[in-house]
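Okay, here's what each chain looks like letter by letter:
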Amino acid sequence: MSSEALHVAIILAPFILLPFAGWVGRHGSRARLLPVVPAALTVYFIYAFSLVGTRGPFRVSVPWASGLNLSLSFHLDGLSVLFATLITAVGTLIVVYAVKYLAGHPHAGRFQVSLFAFMGSMLGVVLSDNLIAVFVFWELTGFTSYLLIGFDHERQDARRAATQALVVTAGGGLALLAAAILLGRAGGTSSVSELLDRGSLAGDPLYAGIVCLIFLAAFTKSAQYPFHFWLPNAMQAPTPVSAYLHSATMVKAGVYLIARMTPLLGGTMLWTGTITVVGAVTMIGGSYRALLETDLKRVLAYSTISALGVLMLLFGIGTPQAVTAGLVYLLAHACYKGALFLVAGAVEHETGTRDVTALGGLRRSMPATALAAALAAVSMAGAPLLFGFIAKEQFYDSLMTLNLSDGWKTIAVAAAVVASACLGAAGLMAGVAPFAGRQTPSPSVHDAPPALWIGPLVLGIVGMLAGIFPALAASPIGWAAASVTRTATPVSLAIWHGFTTTLALSALTLAGSLALFVYRDAVRQLAWPRALRTERLYTGTLSGIDAISRGIAPALQSASLRSYVLTVLVTVVAFVTTALAATRVFPTPRRWTTIEPHEGVVAALIVAGALSAVFARSTMAAVLSLGTVGYGVALMYALLGAPDLAMTQFAVETLTVVIFVLVFSQLRGFGDLSSRVVKARDALVAAAVGTLVTTLVLFVGASGTTSRLSSYFAETSPRLAHGRNVVNVILVDFRGFDTLGEITVLVTVAIGVRALLLMGKERRP
Amino acid sequence: MRSSILQTATRVLMPLLLLFAVFLLLRGHNEPGGGFVGGLVVAASMVLYAMAYGVDAGRRALLVEPATLLGGGLLLALVSGVPAVLLGRPFMTALWTRLGVGPAVLDVGTPLLFDVGVFLTVIGVVLTIVFTLADVTLSEH
Chain A
1 MSSEALHVAI
11 ILAPFILLPF
21 AGWVGRHGSR
31 ARLLPVVPAA
41 LTVYFIYAFS
51 LVGTRGPFRV
61 SVPWASGLNL
71 SLSFHLDGLS
81 VLFATLITAV
91 GTLIVVYAVK
101 YLAGHPHAGR
111 FQVSLFAFMG
121 SMLGVVLSDN
131 LIAVFVFWEL
141 TGFTSYLLIG
151 FDHERQDARR
161 AATQALVVTA
171 GGGLALLAAA
181 ILLGRAGGTS
191 SVSELLDRGS
201 LAGDPLYAGI
211 VCLIFLAAFT
221 KSAQYPFHFW
231 LPNAMQAPTP
241 VSAYLHSATM
251 VKAGVYLIAR
261 MTPLLGGTML
271 WTGTITVVGA
281 VTMIGGSYRA
291 LLETDLKRVL
301 AYSTISALGV
311 LMLLFGIGTP
321 QAVTAGLVYL
331 LAHACYKGAL
341 FLVAGAVEHE
351 TGTRDVTALG
361 GLRRSMPATA
371 LAAALAAVSM
381 AGAPLLFGFI
391 AKEQFYDSLM
401 TLNLSDGWKT
411 IAVAAAVVAS
421 ACLGAAGLMA
431 GVAPFAGRQT
441 PSPSVHDAPP
451 ALWIGPLVLG
461 IVGMLAGIFP
471 ALAASPIGWA
481 AASVTRTATP
491 VSLAIWHGFT
501 TTLALSALTL
511 AGSLALFVYR
521 DAVRQLAWPR
531 ALRTERLYTG
541 TLSGIDAISR
551 GIAPALQSAS
561 LRSYVLTVLV
571 TVVAFVTTAL
581 AATRVFPTPR
591 RWTTIEPHEG
601 VVAALIVAGA
611 LSAVFARSTM
621 AAVLSLGTVG
631 YGVALMYALL
641 GAPDLAMTQF
651 AVETLTVVIF
661 VLVFSQLRGF
671 GDLSSRVVKA
681 RDALVAAAVG
691 TLVTTLVLFV
701 GASGTTSRLS
711 SYFAETSPRL
721 AHGRNVVNVI
731 LVDFRGFDTL
741 GEITVLVTVA
751 IGVRALLLMG
761 KERRP
Chain B
766 MRSSILQTAT
776 RVLMPLLLLF
786 AVFLLLRGHN
796 EPGGGFVGGL
806 VVAASMVLYA
816 MAYGVDAGRR
826 ALLVEPATLL
836 GGGLLLALVS
846 GVPAVLLGRP
856 FMTALWTRLG
866 VGPAVLDVGT
876 PLLFDVGVFL
886 TVIGVVLTIV
896 FTLADVTLSE
906 H
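Protein chains in written order, with the numbering used here: chain A, 1 to 765; chain B, 766 to 906.
Quick caveat, the hints were computed from the structure, so don't treat them as lab data. Treat the hints with care, as some may be off.
Said to hold, decoys possible - Computed cross-link-like contacts, EDC-like style, restricted to lysine to aspartate or glutamate with a CA-CA straight-line distance of at most 20 Å:
hint	chain 1	residue 1	chain 2	residue 2
1	A	Lys761	B	Asp900
2	A	Lys761	B	Asp821
3	A	Lys100	A	Asp406
To be verified - What follows is a list of derived Cβ distance ranges for each label pair:
hint	chain 1	residue 1	chain 2	residue 2	range
4	A	Thr588	B	Ala774	49 to 55 Å
5	B	Ala826	A	Val697	40 to 46 Å
6	B	Ala774	A	Val601	26 to 32 Å
7	B	Thr902	A	Val570	31 to 37 Å
8	B	Leu843	A	Thr353	49 to 55 Å
9	B	Val829	A	Leu206	33 to 39 Å
10	B	Leu903	A	Gly600	41 to 47 Å
Said to hold, decoys possible - To give a feel for the contact side, a few chain B residues facing chain A, derived at Cβ under 8 Å:
hint	residue
11	Leu781
12	Leu784
13	Phe785
14	Ala826
15	Glu830
16	Ala859
17	Asp872
18	Thr893
19	Val901
20	Thr902
All residues carry an ideal CB built from backbone N, CA and C; glycine is no exception.
Chain A extracted, bound-state conformation (with noise of 0.2 Å):
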């Protein structure tokens, strides 16, 4: 094995590994081995970050189809493989939750195979070099996502949250393909990689489609107003799922996306004013939500949401010091929002409630998880010695050096404090009150188990690490940032600036989130004014669509076996009348063949049955009419040298008739049924059907092609398939691959019959 293709592999290990997921996921002793897949994952992307640190970017790629020249590619550059590693080491900490949070749950299994899908998607999404993989990937996401939060399938608001988060993000990942596909035009290459280097699109006429595309794709994947409203809903997920999913990875993609596709579309005032004005209203909406729930997980969720706007933000701007800034707050939110959102799973899983307001003094009884959940909600808060305090100041630093005129920077930055005080509340009211005050559910709580606190304390403890020696991060984060702006970024994170206009700010936000979070009960009394709630947007759409096709589907779907027979026969007759005037030619046959005595005996009998089923006066004499009809083209099948089909032919019409004999019982009385409008009419539509096929016929006659591939066929195929009766080697082997579509066919509509047949009866034994 190449070493390329050893890169491919372990890259696409979650997949490979599947199988053993859904074994080992099984069973809880055996499932411990889990996280050792996701753990070997992170060392290979820090080892795979260190090369890309000291010799750049690389690609690596196996072939795929090669008769199509396709290969599957992946391109390793700082911001995928910074991204693969976040993947990879939120994962190791979620399975190792997930594994004792699902402990005997029976479809712990399938839900180990739906997380490990789920892992290997994202991968490919952030790691894909290929536009179209990328897309496949991102669809693969929200699909695994589909399972992951339905995963407690027997709830209906399960079910529901599930299809809405679908719904929005698979619609957005459809104007993802239009994206690529016109990328593909624009830039003359689907490879990541080779777009990227060939620079920006800003003067491509297709350029403002490609951004409007990109921006449905990115803004409905993480959760952007107004499509926003999903996210809250998915936290009908198991724990694990909404802190990997909706907090960590998954709703990042569409950031990522954004990213990726700056040094592309970027610069331009259609991409920097709708990012920057989508995820200001993301972020401030987000945050003021979150303060007005009181379940652990809706906070969190809005508190994403609100985080989210902050990333787009961040990226929109897309300045060397604005692009760090993201990418700093991108992982300080993944430590402290993942560990907040196990920690709420932690008090769930111990109390038997999610209820803010219901929860309290838990320090005592569960210390460890009430750890976790300090390290992470002070990080959120922002206070300093934590990587959320860095993250923050970053923040500030980048809107206050923008390029505007004073009152707009005022105004940026005071959006951005506010959004922050009440983003630091939220992860208080998160974190801290239920760990706070006199413990309120029962005294008997204990702590949870050390695999339901690790996580949540180890991404505290990396949270906390980092911010105290936030230089060990500059690096990385200087490789990611490089990918996106396409210059060398230094980027040096310190703690300490000095007395600066910053420091101010961070102080004055860590005020207001105290005030906001001792007065959290006055603070939820507070309205959401209805006109942002653009959940209805989606329901009236869904309901719209089913009122549409509640209005179509009679017109089209008559449940008439007749209409829709007649349908066909008058499409097929207009349409091939009109092919066939077009083309101004008489058909005449070059040789016209005298006809026997015996097969104008033949044809005149197929003639007389076809009249007598016309005006048969019972259903017995239709049906063997009919028949006299079948044997009669069967026997001029025999009489003009095609046994085999004269074969078929018998044999289908003695079952046919048998079949309609055991039909008979189920049909109603023979009777007089159309009037004589309908009469004429369906005379009229037969006539000309009669008449199109026999020009039809006269026209393969006057056309060449048939005695060439009867000759074709006859030389060749005693010597390359060994069989001398064409038309059976034409079956089994030339067009081998057509049989066995018809023999599926034929399957499906024999079960699709005896369904039918049996709807609403016993089965019999």
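Since the structure of chain A is provided, determine the placement of chain B on it from the hints.
Quick look at chain B alone, frame taken from chain A:
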């Protein structure tokens, strides 16, 4: 209504029909015949048997459920394409070998396996429909 004339005739005809069907299947590659028509002949003969002796007797005579033939036939047809893949050729590439006993030689290949798959599928399709239909209609009388 049971007709002893039909029953006696069926008893004589059945082995001939079934043999004829296998004959059609095997010679199909060189002479008129093949899996499709062979399957139809088997199905028709089973229908004849069911008419003479009743549907339940017909089911018993078939030995397996028609549904098993449906799935088995389709699976066999699909599997016949796999050996080529294992040898690195495109799916469903025909592979042949020559079997010989004395002067008699026979070319055997994966298309024959495919044809047997078609044969079984056709039997399964026809009998699934006919037997189910017969169950439903006859049970209502």
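Hint-by-hint comparison with the structure:
1. Simply put, Lys761/A and Asp900/B have alpha-carbon atoms about 11 Å apart, close enough for the 20 Å limit, and the pair holds.
2. Under the criterion of a C-alpha separation no larger than 20 Å, the hint pairing Lys761/A with Asp821/B is consistent with the structure, at around 18 Å.
3. Taken as a hint, the Lys100/A and Asp406/A pair is broken in the structure, with Cα atoms around 53 Å apart against an allowance of 20 Å.
4. Separation of Thr588/A from Ala774/B is about 52 Å and conforms to the stated range, judged on CB atoms against 49 to 55 Å.
5. In this structure, Ala826/B and Val697/A meet the distance hint of 40 to 46 Å, their C-beta atoms being roughly 43 Å apart.
6. Between Ala774/B and Val601/A the C-beta distance comes to about 29 Å, which sits within the given range of 26 to 32 Å.
7. Thr902/B and Val570/A have their C-beta atoms about 33 Å apart, which keeps the hinted 31 to 37 Å range intact.
8. For the pair Leu843/B and Thr353/A, the beta carbons lie near 53 Å from each other, so the given range of 49 to 55 Å is met.
9. Range check, Val829/B to Leu206/A: about 60 Å between beta-carbon atoms, so the 33 to 39 Å window is missed.
10. Remark: the range hint 41 to 47 Å for Leu903/B to Gly600/A is upheld by a beta-carbon distance near 43 Å.
11. For Leu781/B, the interface hint is violated, the least distance from its beta-carbon to any beta-carbon of chain A being 15 Å, above 8 Å.
12. Interface hint status for Leu784/B: violated, as the beta-carbon distance to the closest one in chain A is roughly 16 Å, over 8 Å.
13. Checking Phe785/B against chain A by beta carbon gives a least distance of about 11 Å; that is not within 8 Å, so the hint is violated.
14. Annotation: interface hint on Ala826/B violated; nearest CB of chain A at approximately 16 Å, more than 8 Å.
15. A cut of 8 Å between beta carbons decides the hint on Glu830/B: the least distance to chain A is about 11 Å, and the hint is violated.
16. Look at Ala859/B: its Cβ gets to within about 5 Å of chain A, closer than 8 Å, so that hint holds up.
17. A hinted interface residue such as Asp872/B counts as satisfied when its beta carbon comes closer than 8 Å to some beta carbon of chain A; here the least separation is about 4 Å, so the hint holds.
18. A hinted interface residue such as Thr893/B counts as satisfied when its beta carbon comes closer than 8 Å to some beta carbon of chain A; here the least separation is about 4 Å, so the hint holds.
19. Interface hint status for Val901/B: upheld, as the beta-carbon distance to the closest one in chain A is roughly 5 Å, under 8 Å.
20. Interface restraint check: Thr902/B against chain A, minimum CB-CB distance 5 Å, threshold 8 Å, status holds.
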